[in-house]
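Engineer: Each chain is listed here by its residues.
Number of protein chains: 2
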Amino acid sequence: MSGTERLSREAIHDEIFAMGQKARAAGHSLANLGSAEKNGILRAMASELRSRGTAILSANAKDLEAGRGNGLSNAMLDRLRLDESRLEAMADGVEQVARLCDPVGDILDERERPNGIKIQQIRVPVGVIGIIFESRPNVTSDAAVLCLKSGNATILRGGSEAIHSNRAICDALQAGGEAEGLPPFSIQLVPFTDRESVKEMASMDRYLDLIIPRGGKGLIETVVSLARMPVIKHYDGICHVFVDEAADLEMARLIAVDAKTQKPGVCNALETLLVHEEVAGRLLPQIASSLVRRKVELRGCEQVEKILGEVARAATEEDWRTEYLDLILSIKVVASRDEAIKHINRYGSHHTDCIVTEDHKSAEKFLREVDSACTFHNLSTRFSDGEEFGFGAEIGISTDKIHARGPMALRELTSYQYRVRGNGQLKEAPN
Amino acid sequence: MSGTERLSREAIHDEIFAMGQKARAAGHSLANLGSAEKNGILRAMASELRSRGTAILSANAKDLEAGRGNGLSNAMLDRLRLDESRLEAMADGVEQVARLCDPVGDILDERERPNGIKIQQIRVPVGVIGIIFESRPNVTSDAAVLCLKSGNATILRGGSEAIHSNRAICDALQAGGEAEGLPPFSIQLVPFTDRESVKEMASMDRYLDLIIPRGGKGLIETVVSLARMPVIKHYDGICHVFVDEAADLEMARLIAVDAKTQKPGVCNALETLLVHEEVAGRLLPQIASSLVRRKVELRGCEQVEKILGEVARAATEEDWRTEYLDLILSIKVVASRDEAIKHINRYGSHHTDCIVTEDHKSAEKFLREVDSACTFHNLSTRFSDGEEFGFGAEIGISTDKIHARGPMALRELTSYQYRVRGNGQLKEAPN
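The listed protein sequences derive, respectively, from chains S and V.
For the first sequence, this note's numbering begins at 216 and goes up steadily by one.
For the second sequence, this note's numbering begins at 216 and goes up steadily by one.
Hints are supplied without guarantee of correctness; some may be wrong.
Pairs count within a copy or across copies, as identical chains cannot be separated in the list.
Dumping the calculated DSSO-like pairs for lysine-lysine here, alpha-carbon to alpha-carbon at most 27 Å [what the hints assert, rightly or not]: (1) Lys642 with Lys580; (2) Lys576 with Lys478; (3) Lys414 with Lys642; (4) Lys521 with Lys576; (5) Lys478 with Lys237; (6) Lys521 with Lys333; (7) Lys557 with Lys333; (8) Lys277 with Lys510; (9) Lys237 with Lys642; (10) Lys557 with Lys510.
The hints are simulated quantities; they were obtained by calculation from the structure and are not laboratory data.
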């Protein structure tokens, strides 16, 4: 909880469960809205975000002030900060979602049985989705509108640092939407920010069909260990590039440099480079010089140290399991493509892994046998992203295998229902 | 644990995690088997089940003897019992699965981006699936072979009552399969049957991608509260038939009788009948007389009691939430289709619910607005079943909304992977 009040566990329980009940009712109404109605609601939300700009920024100023008082780092304050251009990007994002195709109502399968029963498998909303997230206030809007477009009600629980910003954004979305027919309580923000509130949400499988945690490993770990309902999570991105013996070495250098340095703090950035021993001697000095020029610290296996000398320090076992999210790269020389696949399946995070090679048979084996959400051939891992895949906005990149794997967009926020039509079929002859 | 030995928690932990590690390796090999290879393995398994028939039946005799000693009810002993015809049905089931289409490798989506990146979404196995089940030993075979056909390794944990039967069946499957190239440890049976073993499996998200509990509510509840990985469950089937004012009343009577009595102990049997007040007076006496003749106990709301007199006893609030799995039916008169929908969404278990009506507009509204895995128009709820839907065998009927909803067959035992091919694409201009 933020501020001075302290509510009892029971009061928190009661309030969150009451929110759940209202969200369930909202979800049933939302499921019946057509695409045009939902798009009208989304456009009204965008315009409300714009017209409440001053109020949202002054709520954000309160959070920033409190954050400075609580000694937040500059990086954290920057994540928390809204300004006119970030607010405009947020409103623009809502309008972009309005322009995406609505997946609800798609017929996934249709069949008629010999006894005349007609079965349709239809895409429907999931129902109510809980989003548990940390400091970035733009998640409030991004997540809520993707859920809404796919017909779901949301219960959002953000961090204490952004409570005023989140409240102002959530109010703008709900109020703007209601003017165009958004059911009440479609988008709700949990007023508590302590661990107890996560616990209550995690226990509320009666009202929450799915929880998506967005944030650090600690938060996700907590949600996973408590949740009674499905959780779609994204732990980390320990992405690999493997340079095969048959690689175009200049392409390999460019891909490695792009994947590591173009935006090192994101989940699809490169963390470990694997190089076939046949090409390591020629390639590594070139790559190292490009990377060192870009201030990347190199940590290598023994063979890498031999080739690069003091440019690289020794990598430990821990390095192969680390998502640096920083200008650090671990490098390992491998004896074969199969050793590379084995290393990736053992140490990777099943996010995105790439082979660089001109040998198509080798590439196909890698694409198939690496057990990751996205397997790439000859392109930067930075393309592992819902927008780059053409899905429009994404709500995250799942490293799970159930329901959603890889970039998660609107389709992954839906379920399905079988609608079956007969004309009096019985299992047993009537009497 | 069964028997006299008692292992420490640590020993159980170590053994189960070692099984997990082996299953993960087996899963990687299984993912690369083609359909023909898997079908050959399945046929060899069926023939091994047949040739080990005597051994399996004598293992089963041990379980039955122990069960009698432990005072199992006749119903439980019957569930546990194998005989030649049940064993033949089991082997035949394995051969049926060999004949089903293999979903692995299906291309779910394919797109080329303006920058030339080619994206394929391909169906792949989930990986390693944990099955936790109770007394019926045929689950060992049914579940393992469906998982295998879809390219998954399985770790099975059955109940103590069936430990000898499960062991014999599992050994036959693994040995029969290995002769045809089944990777070692593809099908493993946990040697422990206590709660500790469920706990260990539930914590093993590193090696288990999914858990499917099959059994009573208590078992499912335990798994749900402990599991760190996704669980696909089937709590119960509180199925409804709603007879609309525009129903063909004779069809309604036949459907209600069939859905309630054709096999009352299963999840897609009817539990609550809702009748529109406009037709209740005419319909209920007819339905009641058919049901009473078939020894069904009726429990009704006040209006039902008025119409049927002492044929029906008063239903309580609890009745609307009860899955009887028995010759008992609760009946409620409702004022409208919308009241019926509301009742079902509130008290039902989101399994299968049916409207009987000749009014197609009314039917469509019901099919859409009832929030259940399967919504039916004019047919018995008993058709809610993977085989009736044409999916071949089913591993269960999910009342969840994530990943699998309704009858779960081979497709629902798969995940997908994005395989992406480029020719050197970078996010940033090279230098």
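Engineer: I'd like to know which numbered hints this structure contradicts. Please list them from smallest to largest.
Structural biologist: Hints 2, 3, 4, 5, 6, 8, 9 and 10 are the ones this structure does not satisfy, whereas the remaining hints hold.
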